[in-house]
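Generate coordinates for the entire structure from the input sequences, incorporating the hints supplied.
Here the sequence shown stands for residues -23 to -1, 1 to 460, where the numbers follow mature numbering (1 follows the signal peptide of the UniProt record, and there is no 0).
What the hints contain is simulated information worked out from the structure, not anything from laboratory work.
Watch out, some of these pointers could steer you wrong.
Said to hold, decoys possible - Straight line, CA to CA, 25 Å or less: simulated BS3-like cross-link-like pairs of lysine-lysine: (1) Lys364 with Lys374; (2) Lys271 with Lys256; (3) Lys196 with Lys121; (4) Lys170 with Lys126; (5) Lys89 with Lys258; (6) Lys172 with Lys59; (7) Lys374 with Lys408; (8) Lys126 with Lys284; (9) Lys240 with Lys192; (10) Lys271 with Lys170; (11) Lys126 with Lys59; (12) Lys24 with Lys74; (13) Lys74 with Lys89; (14) Lys196 with Lys256; (15) Lys408 with Lys365; (16) Lys166 with Lys121; (17) Lys222 with Lys196; (18) Lys172 with Lys117; (19) Lys196 with Lys24; (20) Lys24 with Lys89; (21) Lys408 with Lys166; (22) Lys258 with Lys365; (23) Lys172 with Lys192; (24) Lys170 with Lys117.
Unchecked claim - Distance ranges between label pairs, derived from CB positions: (25) Glu129 with His383: 13 to 21 Å; (26) Glu441 with Lys271: 50 to 58 Å; (27) Met221 with Asn260: 38 to 46 Å; (28) Arg318 with Gly437: 52 to 60 Å.
The C-beta atom is built at its ideal place from N, Cα and C for all residues, glycine as well.
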Amino acid sequence: MHSLKMLLIYVAIAFLASTSVYCFNLKHSRAENIHEELSEKLHGSGKTWVVLVAGSNSWYNYRHQSDICHAYHVVRSHGVPKENIITMMYDDIAYNKENPYPGKIYNVPGGKDVYAGVEIDYSGIHVTPENFLAVLSGNKTAVKGGSSKVVESTHYDHIFVYFTDHGGVGVVCFPDSMLTVKDLNDVLKRMHKLKKFGRLVFYMEACESGSMFAKVLPKNIDVYAVTAANSHESSWGCYCDNKMKLPCLGDCFSINWIVNSEKEDLSRETLASQFEIVKQKTNTSHVMHYGDLKIAQDYVAYYLGDKRAVIKNPDDDLMTVESKESISWPSREIYFRILERQLNEAETQAERRVLRHKIQKLTMISHLRFYFFSKLKLEFQTYLTSKKRSYLETFMKSLVWTIVPHQSYSHFMHSSSPTINSLNCFDNVIKAFHQMCFHFGQNPYILKYTYVFANLCNAGIDSETIIGAMFNTCKNIKIRGIL
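Written out as structure tokens, the structure is:
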């Protein structure tokens, strides 16, 4: 009898053990496949589309095209097919006469050449806001030049957009034009209405980039946006004091999300997780997110590809912004600081002559003997920061005084509005200013003052009054090319 009891106990223990193992394996199997089940539930058999845009040109803006090239390789390595990637960049960096590495572009110190293998659909004069919006919305008839490739998505598809360039409150730049907050959000809303996507994720690198979405992007159109900065601060370039004799190699926010995407298993990392990591690492500005925040629970793989990337030489190629060459500069100061560094490193008379010519174009000073003296740094900063930029501030004060002569201009000049309450007014005014006064692409520093027009519109001043004042005041502009 005792033996029978012991046998029954052993049988019961064995049964319970086998049941536990089965349950564990079942649970583990479900955990392994949960992201695939969610993907099928959320996106069905939809495609992934990627739009990559560098909105600038010229050598000192090296970092923007470098970021785009690196991002291109990341989405390719994660399995997004070439035919589903649309790339816009001016393409004047790789073979620029100032490039000490002809035909190559680098995004991190000691990293790989990111230019090789990148297929560019729209370059040069075809990098325009009109083409960008046409590409994004799938409007082939509106595209001019380039490959004519557009996003041909359906409501089953998911779209990832990455844009990097200069920006200001309510506006981001293109080489010869600009894109306003109204035009961008109108297209996103129209695309949702026409069921052009299941979900869309937008990453934006630009100064004041938060203003392109804050309190403007609806929370119910299946769009999730992440920005490098909030509505009233600069974004930052990084790897600026590199030993490769190149301009800033990348942008801090961009480097952080790109490197994270390159090394992580994106089928297990959510957008929310990536946001928190990038937010913590980008300590020079406030990374923000807007729109439908529920989308942040999606896996990054839904938007950047679900193939596990194979990483080669991670110690060399996957340096983070905390690396030893991580000196960062605010975006609006990069051009000046590049010239300052080059000037300090100049060894020959010929090099100094080239730099003298560049500085003359910036400051309109014909006699720059101070280049050859030890007080170079102080005088350099004094001349560069005082001449054209001071003129611009004086001009803006004069314009505001013309519009509101009986009020203090200080409120409009020094109160940076975090939001734009009157989109139509701001849109009309900013476009008129670009055409009549200062071309944003040729005068990028003016982007610092776009908030003034938001303040004027928010105060209830109609666009006709503001534009009328511009018409008279802008006839007398004496200085341009304000970088």
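So, going through the hints one by one against the coordinates:
Restraint check for Lys364 and Lys374: satisfied, since their Cα atoms lie roughly 16 Å apart, inside the 25 Å limit. Pair hint Lys271 plus Lys256 holds up; C-alpha atoms about 18 Å apart against a cutoff of 25 Å. Taking the CA atoms of Lys196 and Lys121, the gap is about 32 Å. The hint is violated against a cut of 25 Å. Under the criterion of a C-alpha separation no larger than 25 Å, the hint pairing Lys170 with Lys126 is consistent with the structure, at around 22 Å.
Pair hint Lys89 plus Lys258 holds up; C-alpha atoms about 22 Å apart against a cutoff of 25 Å. The straight-line distance between the Cα atoms of Lys172 and Lys59 is roughly 23 Å, inside the 25 Å bound, and the hint therefore holds. For the hint linking Lys374 to Lys408, the alpha-carbon distance of about 19 Å falls within 25 Å, and the restraint holds. For the proposed pair Lys126 and Lys284, the alpha carbon gap of about 24 Å is at most 25 Å, so the pair holds.
Between Lys240 and Lys192 the alpha-carbon distance is near 33 Å, which puts this suggested pair outside the 25 Å criterion. A threshold of 25 Å between alpha carbons decides the hint, and for Lys271 with Lys170 the separation of about 19 Å falls inside it, so the pair holds. A threshold of 25 Å between alpha carbons decides the hint, and for Lys126 with Lys59 the separation of about 11 Å falls inside it, so the pair holds. At roughly 40 Å between alpha-carbon atoms, Lys24 and Lys74 are farther apart than 25 Å, so this suggested pair is violated.
Between Lys74 and Lys89 the CA atoms are separated by roughly 21 Å; this keeps the pair inside 25 Å, and the hint holds. For the hint pairing Lys196 with Lys256, the CA-to-CA distance comes to about 21 Å; that is within 25 Å, so the pair holds. Between the alpha carbons of Lys408 and Lys365 the distance comes to roughly 22 Å, so the proposed pair stays at or under 25 Å and holds. About 23 Å separates the Cα atoms of Lys166 and Lys121, which keeps this hinted pair within 25 Å; it holds.
For the given pair, Lys222 sits about 44 Å from Lys196 by alpha-carbon distance, which is inconsistent with the 25 Å threshold. Simply put, Lys172 and Lys117 have alpha-carbon atoms about 17 Å apart, close enough for the 25 Å limit, and the pair holds. Of the pairs offered as hints, the one joining Lys196 and Lys24 holds, with about 23 Å between alpha carbons and a cut-off of 25 Å not exceeded. For the suggested pair Lys24 and Lys89, the alpha carbons sit about 29 Å apart, so the restraint of at most 25 Å is broken.
Between Lys408 and Lys166 the alpha-carbon distance is near 21 Å, which keeps this suggested pair within the 25 Å criterion. Taken as a hint, the Lys258 and Lys365 pair is broken in the structure, with Cα atoms around 34 Å apart against an allowance of 25 Å. The hinted pair formed by Lys172 and Lys192 meets the criterion: a straight-line CA distance of about 23 Å does not exceed 25 Å. Pair hint Lys170 plus Lys117 holds up; C-alpha atoms about 19 Å apart against a cutoff of 25 Å.
Judged by the Cβ atoms, the range 13 to 21 Å given for Glu129 and His383 is violated: they are separated by roughly 55 Å. At about 41 Å, the beta-carbon gap between Glu441 and Lys271 misses the expected band of 50 to 58 Å. Judged by the Cβ atoms, the range 38 to 46 Å given for Met221 and Asn260 is violated: they are separated by roughly 24 Å. Separated by about 46 Å at the C-beta atoms, Arg318 and Gly437 break the suggested range of 52 to 60 Å.
In this structure, the earlier hints numbered 3, 9, 12, 17, 20, 22, 25, 26, 27 and 28 are contradicted, and the remaining ones agree with it.
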